[in-house]
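Asker: The task is simple: from the sequences and hints, build the whole structure.
Number of protein chains: 2
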Amino acid sequence: MPDTAEPKNEFRKDFLLNRWVIIAANRGRRPEDYVHSQRSEKKEGICFFCPGNEHLTPPEISRREVNGKWAIRNFPNKFYAVSLDFPNAYGTHEVIVESSDHTNHLSDIPEAQMKMLLEVYAERIEASRKNPNLKYALIFKNQGHTAGASLGHTHTQMITMAHVPNIVRLERDANKEYTQNSGKCGYCEMMNVERERVIWEDDKVFCFAPYASRFSFEHWIMPKRHVGCISKMDSGELGSLAKCMKTVLGKLDKMLDYPPYNFALHIDPFNATTQFYHFHIEVMPRLNITAGFELGAEIYINPMPPEKAAKALRD
Amino acid sequence: MPDTAEPKNEFRKDFLLNRWVIIAANRGRRPEDYVHSQRSEKKEGICFFCPGNEHLTPPEISRREVNGKWAIRNFPNKFYAVSLDFPNAYGTHEVIVESSDHTNHLSDIPEAQMKMLLEVYAERIEASRKNPNLKYALIFKNQGHTAGASLGHTHTQMITMAHVPNIVRLERDANKEYTQNSGKCGYCEMMNVERERVIWEDDKVFCFAPYASRFSFEHWIMPKRHVGCISKMDSGELGSLAKCMKTVLGKLDKMLDYPPYNFALHIDPFNATTQFYHFHIEVMPRLNITAGFELGAEIYINPMPPEKAAKALRD
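If you read the sequences in order, they're chains P and C.
Positions 1 to 315 (my numbering) are the ones given, in order, by the first sequence.
Positions 1 to 315 (my numbering) are the ones given, in order, by the second sequence.
Hints may be right or wrong, so weigh each one.
Calculated pairs, EDC-like style, for lysine to aspartate or glutamate (alpha carbon to alpha carbon, straight line, at most 20 Å) [said to hold, decoys possible]: (1) K8/C to D85/P; (2) K251/P to E196/P; (3) K13/C to D203/C; (4) K78/C to E6/P; (5) K78/P to E6/C; (6) K8/P to E201/C; (7) K69/C to E54/C; (8) K311/P to E196/P; (9) K78/C to E10/P; (10) K224/P to D257/P; (11) K204/C to E111/C; (12) K78/P to E54/P; (13) K246/P to D257/P; (14) K115/P to E201/P; (15) K13/C to E6/P; (16) K69/P to D108/P; (17) K204/P to E237/P; (18) K224/C to D203/C; (19) K254/P to E111/P; (20) K251/P to E111/P; (21) K78/P to E10/C; (22) K13/P to E298/C; (23) K243/C to D203/C; (24) K251/C to E60/C.
Covered stretches of chain C (chain P as the covering partner; in silico rule of three or more C-beta atoms under 8 Å from a C-beta of chain P) [said to hold, decoys possible]: (25) 161-168; (26) 283-290.
Keep in mind the hints are simulated off the structure, nothing from the lab.
Note that the Cβ used here is the ideal one computed from N, Cα and C, for glycine as well.
Answerer: Quick look at the structure:
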């Protein structure tokens, strides 16, 4: 009876949010079917992010040097979505170039430089927090053109705003309710309930494919200690986080040949006075097309069961 | 002072939902900059949806004929996301082929056939409603490969499920609250507040670019009469809806050379006993990439102000 052996699809709900997905196990594709090469294009013409072209970017905000040359550079985004001059879209928009080498992807930079990059993230968040009109900083990365990268040279962006995004409020409210009901943080609890889908961990950092993954090979990374922001992690924790990102993004890049992906840092709102938030990074490979069903129902169809995704990224 | 003349971006909130967008007017692109040709590819090999290949699809559910030949055909989707055999992803998944002609786009079919198609939508919803285990039917279209169409031959899909999508509940709850506070349906009220962004209207149907459009050239179409579902529209209203869709999709296709888009019908839940919902169709052209900011903040950046989009689709 071959029919009964067919994997059955299932609706799954996020551990905290009222957010649903369909895990379409019946599509039965193997991890290697998802190879989706989007290596950074070879440089054509002038790259604004390359050494020698520093004068072509807006004035530098900060840099990190290695052996007397910059390794990481941070400046305002020339093509800003928000601005301190926009009364109704108030905020700042920055770029953080992750490497001076145009051909590097993020997973190619040394672990020590990955840690330096995470320190820059923390520093830029803390600098933004000093402006009392700003309520949030979103740090995100677009890797590959189908994930929205308009320049091939590897970089992260930060957009700050006078507004806490709904999704962050929803996460915080759901976790507050979970904590008040159970006495435990919901994200801390995921480190117990998600054991079947662990990808990487040490004593400080945990990485897993969430039970209700929206994207094929989606994974979340979080500190084991209950902290609301990357800027509250200590040096040892940032070292573990750097090691985790280098390892897991490296595995993703190797397995799928540098696929398109986005990631976003979920930090607590600037004005949060009590701590019902747990910092985490959501890494979202862009291997499936978000189509009419996803936009109409706001339910993602994910053909790659996270159990299989975790195994592939772990082994 | 050229700086003060620069268009200023702004955050905008949806009329009913707590959903925000950034209208990035500073990008200053003209409608013709959005041309994004994704005409149906010429047929290569066998098209399962073409006349002569009816035996290659699952058994037909219904058809509409014109001059003794089928013009519209409806059958189960061979690549189903849900099934009556999946206990945890219970539902049905159907295809509605909109034309027998492989080279037609939806806007190319005659107005009378468009009306026939809308009647098929209504009929399939009503048939689904008879199964007491089903709670919702989502009718949606993927046009163009970047909008998720895997086959070029123009078609619509329907997915029914034992579950009301969150977004529909959120819309209904928000409209219930609006109605209880103001004595008026929020969607009926949009027909007054959105006058600046009208695209098409007659005495029965209204089409506009919403104030907080997430997508460039996004537009919503709704009956002027307060009804919760397409199946409650009468023949004259369906005629107006067909005329509106033929006109506005035709304008979109002509202006942007058959761009990728999705649409979704927002109907009331099957089990709704009181009427706090207003049927509408959301048409979402896929001209911008949803990137890390959109996924991380759930705030869309839309570079095409809906006032400009409405003017371009209207004139």
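Asker: Now tell me if each hint is right for this structure.
Answerer: Verification of the hints:
For the hint linking K8/C to D85/P, the alpha-carbon distance of about 8 Å falls within 20 Å, and the restraint holds. Between the alpha carbons of K251/P and E196/P the distance comes to roughly 19 Å, so the proposed pair stays at or under 20 Å and holds. A threshold of 20 Å between alpha carbons decides the hint, and for K13/C with D203/C the separation of about 28 Å lies outside it, so the pair is violated. At most 20 Å may separate the alpha-carbon atoms for a hinted pair to count; K78/C and E6/P meet this at roughly 14 Å.
Our distance criterion of 20 Å between C-alpha atoms is met by K78/P and E6/C, whose separation comes to about 14 Å. The hinted pair formed by K8/P and E201/C fails the criterion: a straight-line CA distance of about 45 Å is larger than 20 Å. For the given pair, K69/C sits about 12 Å from E54/C by alpha-carbon distance, which is consistent with the 20 Å threshold. Taking the CA atoms of K311/P and E196/P, the gap is near 9 Å; set against the 20 Å cutoff, the hint holds.
Of the supplied pair hints, the one linking K78/C and E10/P holds, its CA atoms being roughly 18 Å apart against a limit of 20 Å. With a C-alpha separation of about 30 Å, the suggested pair K224/P and D257/P falls outside the 20 Å cut-off, and the hint is violated. The hinted pair formed by K204/C and E111/C meets the criterion: a straight-line CA distance of about 16 Å does not exceed 20 Å. Straight-line distance between C-alpha atoms of K78/P and E54/P comes to about 13 Å, which keeps the hinted pair within the 20 Å bound.
The hinted pair formed by K246/P and D257/P meets the criterion: a straight-line CA distance of about 15 Å does not exceed 20 Å. Only pairs whose Cα atoms come within 20 Å are accepted, and K115/P paired with E201/P is accepted, the gap being roughly 17 Å. For the hint linking K13/C to E6/P, the alpha-carbon distance of about 45 Å lies beyond 20 Å, and the restraint is violated. Annotation: proposed proximity of K69/P to D108/P holds, straight-line Cα distance about 18 Å (limit 20 Å).
Note on K204/P and E237/P: the hinted pairing holds, with a Cα-Cα distance of about 6 Å set against a maximum of 20 Å. For the hint linking K224/C to D203/C, the alpha-carbon distance of about 7 Å falls within 20 Å, and the restraint holds. Between K254/P and E111/P, the direct Cα distance comes to roughly 17 Å. Compliance with the 20 Å bound is thereby established for this hinted pair. Distance check on the hinted pair: K251/P and E111/P sit about 14 Å apart at the alpha-carbon level, within 20 Å; holds.
Proposed proximity of K78/P and E10/C is supported: the alpha carbons are some 17 Å apart, at most 20 Å. With a C-alpha separation of about 18 Å, the suggested pair K13/P and E298/C falls inside the 20 Å cut-off, and the hint holds. For the hint linking K243/C to D203/C, the alpha-carbon distance of about 12 Å falls within 20 Å, and the restraint holds. A C-alpha spacing of about 33 Å is found between K251/C and E60/C, which places the hinted pair above 20 Å, so the restraint is violated.
Only when three residues or more bring their CB closer than 8 Å to a CB of chain P does the claim for the region 161-168 of chain C stand; here the count is 6, and the claim holds. With 3 residues having a beta carbon nearer than 8 Å to a beta carbon of chain P, the region 283-290 of chain C meets the requirement of three or more and the stated coverage holds.
Figure legend: structure checked against the earlier numbered hints; hints not met, in rising order: 3, 6, 10, 15, 24.
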